[in-house]
Amino acid sequence: MPETSIKSRPVYGTLAPQPGTRHILLADGDGAAAIVDLARAAPPEFFERAHIITAPAAGAMAVRAPLRALAPAVLDETDRLAAALSRLAEVLAGAGMGTRLYVAGTEGTIGQAMQVALDAGVELGAIATEHRGSRARRVQCAHCKTFIDEVTTQPVACSGCGLMLFVRDHYSRRLAAFQGVCVDAEEPGSAPTPEEVFT
Amino acid sequence: MSAPSIAVRVSEVAAVTPLVKRFRLEPESGGRLPAFSGGAHIAVEMQDGAHRRRNAFSLMGSPSDTTGYVIGVRRHDNGRGGSRYMHERVTPGTMLRIAHPANLFPIDGRARKHLLLAGGIGITPLVAMAEQFARDGQPFELHYAARSPEHAAFADELLERFGPAVHTHFSAQGRRLACASLLAEQPLGTHLYVCGPETLMDEAFASARALGWPEQSLHRERFAAPARGLPFAVRLARSGRRVDVGADQSMLEALEAAGAPVASLCRGGACGQCETRVLACDGTLLHADHYLSAAERGAGGKVMPCVSRFAGRSLTLDL
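Which chain is which? The protein sequence lines are A and B, in order.
According to the numbering used here, the residues represented by the first sequence are 1015 to 1213, in order.
According to the numbering used here, the residues represented by the second sequence are 705 to 1023, in order.
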């Protein structure tokens, strides 16, 4: 059941240094390499104004070492996405115009970091994103409003109400989630067998 | 097509500085004028002898008050005559026709803070914005740059009305507005609105971009009064007529005077409403608008008659 992609489907780019007075970079384990790639194009003083926040698997030494080697002004190493996001909110609470945000990793990481940033007043134009790693989606059930992380199948069973949900391309920046809609409402039990599609 | 024009009566004229007058316009038939938002402008029709002009002026009254519109007009003696007409011929009781308000310089209500930067008479749309922010309880700061206090029309009343939110910068007193340092200390979520001389607007935008402000947070007034120029003629392909454009007239005004009106809105090269197809051009189109892209100008197929002119042998428009 493919859905022709729609306007709200996020489009990601490639991280590149932007003019700015302060650079906040957030990456999960998959996204860390995008920061290392950005560093190749960055002017020498870029990391003197940089604050890197890393999440989950970035705890692995293989990912940590190259980020430490960039010698950012601040390096926050957290072990959970939730911790990284609350660190981001704290940092943005005291930030001013000229702050640029760079986010790299899975769609779930990017979406939730953007959600925090938009809440803090960061303009979309000041946020650069790069998708790395799995295509697993964060989905909100349109019926019981439960958020389901790391969704890889189409359709998916809601962990809240149990309905089989069709995962749409329809995306909410406010919720940082794709919309999941009951797929067999007309004929309960007729949902197709879930297939791994967001990998 | 545009909405019909509105008949208004000038109820008050005040000389604010030697060069700036304030006019209050009230509906001829009483009642209310159409609602508007901070940053909006109106076109005022002036019958100046054989010429009918329509000049755009920003509304500077409070958007909460629609019993009348307030405009501030700076006299430009080297201009095409519209501001001189307003200064010399318009008195309390004068009847005028105006177009419905339009806003090409709108407020972004998502901003956490609004930073307003005015240079000289560019203060006018920002006054209406300040009124709107004050009414809605939205944080704002107004910086007003002028040569001296005598050149800063409305500064005293702004200081009185909005107190510490208003900051003046007088270059003659050695206190020139320092865009870069002002922009460097703004909190996240600030939006910038600039109106004034092109040089001020360019400087503010360049400073903001260099500091890393994203485009969505930058706003500037784009319409500008059409400049005087050399007379020229245009040919209208559909009727085969020839229309002469005088030195003090815009092409749009000449077309209107000739009974071949073109739909228009800002009359200052910003909105794109009067875009007209060029069928033949033996000469040079003197584009003066902010609307057509470089590629469109290069292709030579379109012109904005509100501000752009022509030099050469012949110009044929799809009219």
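Just so you know, these hints were derived from the structure itself, not from any lab.
Take the hints with a grain of salt, since some may be wrong.
[Stated by the list, open to error] Label-pair distances were calculated between CB atoms; the ranges are:
(1) A:Q1032 - B:G813: 48 to 58 angstroms
(2) A:R1082 - B:L990: 19 to 29 angstroms
(3) A:L1189 - B:E902: 36 to 46 angstroms
(4) B:Q920 - A:P1057: 54 to 64 angstroms
(5) A:E1164 - B:G841: 25 to 35 angstroms
(6) A:A1079 - B:A914: 26 to 36 angstroms
(7) B:A739 - A:E1209: 49 to 59 angstroms
(8) B:E902 - A:P1057: 26 to 36 angstroms
(9) A:R1094 - B:A914: 56 to 66 angstroms
(10) A:P1208 - B:R839: 25 to 35 angstroms
Cβ coordinates follow ideal geometry from the N, Cα and C atoms, glycine included.
So, going through the hints one by one against the coordinates:
1. For Q1032 of chain A and G813 of chain B, the hinted distance range of 48 to 58 angstroms is not satisfied, since their beta carbons lie about 26 angstroms from each other.
2. Taking the beta carbon of each, R1082 of chain A and L990 of chain B are about 59 angstroms apart, not inside 19 to 29 angstroms as hinted.
3. The hinted window of 36 to 46 angstroms between L1189 of chain A and E902 of chain B holds, with their beta carbons roughly 43 angstroms apart.
4. For Q920 of chain B and P1057 of chain A, the hinted distance range of 54 to 64 angstroms is not satisfied, since their beta carbons lie about 25 angstroms from each other.
5. For the hinted restraint 25 to 35 angstroms between E1164 of chain A and G841 of chain B, the CB-CB distance of approximately 42 angstroms leaves it violated.
6. In this structure, A1079 of chain A and A914 of chain B meet the distance hint of 26 to 36 angstroms, their C-beta atoms being roughly 34 angstroms apart.
7. The hinted range of 49 to 59 angstroms is satisfied by A739 of chain B and E1209 of chain A, whose Cβ atoms lie roughly 54 angstroms apart.
8. One distance hint, 26 to 36 angstroms for the beta-carbon pair E902 of chain B and P1057 of chain A, holds here, with the actual separation near 31 angstroms.
9. Between R1094 of chain A and A914 of chain B the CB atoms are about 37 angstroms apart, so this pair departs from the stated range of 56 to 66 angstroms.
10. As the Cβ distance of P1208 of chain A to R839 of chain B is approximately 54 angstroms, the hint placing it in 25 to 35 angstroms is violated.
Violated hints, in rising order: 1, 2, 4, 5, 9 and 10; the structure is consistent with all others.
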